[in-house]
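If you read the protein sequences in the order shown, they are chains X and Z. Numbered by the working numbering, the letters in the first sequence go through residues 653 to 888 in order. Numbered by the working numbering, the letters in the second sequence go through residues 920 to 1213 in order.
Check before you lean on any hint, since a few could be wrong.
Claimed, not checked - Simulated DEER-style distance windows between Cβ atoms: (1) Z:Leu1197 x X:Gly729: 28 to 36 angstroms; (2) Z:Gln1201 x X:Gly671: 46 to 54 angstroms; (3) Z:Leu1077 x X:Arg762: 17 to 25 angstroms.
To be verified - Output of the computed footprint for chain Z on chain X, the stretches with three or more beta carbons under 8 angstroms from beta carbons of chain Z: (4) 736-742; (5) 749-762.
As the list claims (entries may be wrong) - Heads up, incomplete: computed chain Z residues facing chain X, CB under 10 angstroms, no partners named: (6) Arg1083; (7) Gly1102; (8) Gly1205.
Derived by calculation from the structure, the hints in this document are not laboratory data. Since the structure is predicted, the reported quantities are computational estimates derived from the model, not experimental observations. Each residue gets a CB set at the ideal place from its N, CA and C atoms; glycine is no exception.
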Amino acid sequence: MLEVRGLETAYGSIRAIKGIDLAVPEGRIVCIIGANGAGKTTLLKTISGLLRPAAGTVTFLGEDITALSPAQLVRRGIVLVPEGRAILSRMTVLENLEMGAYQRRDGRVREDIEATMERFPVLKERRNLAGGSLSGGEQQMLAIGRALLAKPNLLLLDEPSLGLAPLIVSRVFRIIREINREGMTVLLVEQNVRQALKVSDYAYVLETGKIVHEGPSPELLDDPKIKESYLGGRRP
Amino acid sequence: MFAEQLINGITLGSIYAIVALGYTLVFGVLDIINMAHGEIFMFGAFIGMVIVTKMNAPLAAAFAGAVLVTAALGYLLERVALRPLRGRTGVSHLAPLISTIGVSILLENLAHHIFGAGNQLFETPFAEIRFTIGSTTVYLVQVVILAVSVVLMGGLSLWLARTRSGKGLRATAESLETAELLGVDTKRIITATVVIASAMGGIAGVLVGMAFNYINNQIGLSMGLKGLAIIIFGGMGSVAGAMAGGLILGLSETFVVAYGSSGYRDAIAFLTIIVVLLLRPQGLFGRAAPEARR
Ligand SMILES: Nc1ncnc2c1ncn2[C@@H]1O[C@H](COP(=O)(O)OP(=O)(O)OP(=O)(O)O)[C@@H](O)[C@H]1O
Ligand SMILES: [Mg+2]
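Using the sequences and the hints given, assemble the complete structure.
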């Protein structure tokens, strides 16, 4: 569904990602794991149109989408939930959800917002409160609910478990599995490697802007090298 | 006497509020102070003057003409002076400010050439019509100014609160990047904001002509400074703050002149603002920490 070829993005003279190839097949959860500063956010920002790549291409459903703006990509069904969730803190919870459906012109937005609030009851309770007043976990529910209201074909998630309590983290991963079962394709960036490998079908390991390892997630979960450097094994 | 002063103050204050709204809207989405806003406002006043005084056309035509010209000026300002500087690496964050100062000087010179210097009569067709209720005299002009202001402020508030594009504007004001990720065409929102803010300045220009009966090419500067003071006072980027701040400034100016001395008019008004800012540095409706600004 999504194919990335030779993607390079730089901030001035700092090359944050250096020639990345990856593929996300339809209906799957693909994850990218890597340490702080590996270039995970840069990769997702480039795919979603916030950053312009210096080289390489991104194709989605056979169409070259490399030069498109975020708004054009939302229209084509690619939605990013950015690192830190990006809740509109001055707008209400309900308005945040409405903004998720900003591009939609069909008449089913109201019903879908209702359904989203049924799925995340805490959002219904807080619908008229400012987005900024929610807790981190609630904001993550709002961010995912808001992204789904755009009716994407591909959901990009940048560290959805970041800064959340363990109980909420499991909840977030459960939701990811759930929406995938409902047919959503997901590209997930995580530092919670164990959970990410458990939930995903295929994984890429990113180190200093390059993919150094890839494979089906269950295999990576058993890989002694991955175990050692990412799953809390013996550290060098 | 008191009731008349109150009406005068509210009339003046609502004009100030509309000028301040123009600043606050642009500041909200672009994080810059549009130093050309005062001169765009002045152009609105001159276009209105030409239409009612020189062409003897009805007031509605003056509003329409002022809105058209100032909206076009706003569009040009955004396309020529602001957009080319945006999102470029190496451009100082002061560059757009300087660029709007350049446009303001250009517009002031242009107004001087086209409309001349000195005071120019602004002849509102129904300037003499007034009603007396008890001992209070109210001019029809004041009623029209108030009505236009209320409709404008109410319309703007409703638009921002209820409509899709209004929410898109608020999202853009809060975070450009988030708005883009949600599918908002932020370029269009920014252009629309500068155009709407400028057109509101144009309407305010006609209202000032109606209120004072004369205009000159210095009103852009003086009104611009007041608009700026109001948004600092009301809270940068706050719509409610611009409205409340405008009314407070209009009322305090009017009462200082009525019960004090006209010589202290501007001084007292600005003194009020300084005192409020000492007590509440973020302004009346401002947010305490600039957390949302990145
Ligand atoms: N705006 C920027 N300007 C300059 N350098 C940047 C910028 N953003 C990121 N970088 C650099 O690019 C590299 C990759 O950063 P990126 O944010 O993509 O990493 P990440 O894998 O998402 O890290 P984290 O796990 O901390 O979120 C880092 O070396 C970082 O310092
Ligand atoms: Mg990151």
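Now the hints, each set against the structure:
no., hint, result
1, Z:Leu1197 x X:Gly729: 28 to 36 angstroms, "53 angstroms, violated"
2, Z:Gln1201 x X:Gly671: 46 to 54 angstroms, "47 angstroms, holds"
3, Z:Leu1077 x X:Arg762: 17 to 25 angstroms, "20 angstroms, holds"
4, 736-742, "holds (count 4)"
5, 749-762, "holds (count 5)"
6, Arg1083, "7 angstroms, holds"
7, Gly1102, "4 angstroms, holds"
8, Gly1205, "12 angstroms, violated"
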